[in-house]
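Trainee: Sequences and hints are given; from them, build the entire structure.
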Amino acid sequence: MGGHGGPVREGPRRRVRGAGLPLGDVDPWNLRTVLLRTEREEIPEPWARLSALADVAWLWEVQGTGRWVAVAVAHRDPGDAVRLLAVVTETAPP
Numbered sequence: 088m089g090g091h092g093g094p095v096r097e098g099p100r101r102r103v104r105g106a107g108l109p110l111g112d113v114d115p116w117n118l119r120t121v122l123l124r125t126e127r128e129e130i131p132e133p134w135a136r137l138s139a140l141a142d143v144a145w146l147w148e149v150q151g152t153g154r155w156v157a158v159a160v161a162h163r164d165p166g167d168a169v170r171l172l173a174v175v176t177e178t179a180p181p
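Numbered continuously in the working numbering, the sequence shown closes out at residue 181.
Hints in this document: simulated from the structure, not taken from any laboratory.
Where a beta carbon is used, it is the ideal one built from N, C-alpha and C, also for glycine.
Worth double-checking, as some hints may not be accurate.
[As the list claims (entries may be wrong)] Derived Cβ-Cβ restraints for the label pairs, each shown as a range: (1) Arg127 - Ala179: 30 to 38 Å; (2) Gly166 - Asp112: 32 to 40 Å; (3) Glu128 - Ala161: 19 to 27 Å.
Mentor: Given below as structure tokens:
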């Protein structure tokens with residue numbers, strides 16, 4: 088999925104399956120670059136909010152549905168609990 092900020096670091100690729108859908112291998116999507124872009128352009132929701140909460144996400148386009156699925160860990164605020172975030176949206180990532 089080129090054009091989504093690129094991999095953050097090298098590491099093992101994970102084979103992911105869910106709801107009977109072959110989601111395939113994915114690399115982490117760099118949300119820090121999305122957050123930087125919010126300073127100079129309008130980033131659509133839920134991507135702007137997700138980039139404010141997490142550094143990386145794992146992202147899939149669910150073929151044939153027009154939907155995107157993202158999973159991330161929110162941990163930026165040391166005073167807040169670490170949270171697992173899941174997003175399902177019809178808004179394509181920036």
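Trainee: It remains to establish, for every hint, whether it holds in the given structure.
Mentor: For each hint, the structure was consulted:
1. Arg127 - Ala179: 30 to 38 Å: Once the Cβ atoms are compared, 19 Å apart, the range 30 to 38 Å for Ala179 and Arg127 is violated.
2. Gly166 - Asp112: 32 to 40 Å: 35 Å, holds
3. Glu128 - Ala161: 19 to 27 Å: Roughly 23 Å apart at Cβ, these two residues keep to the hinted range, so it holds.
This entry does not satisfy hint 1, going by the numbered hints stated previously; all others are met.
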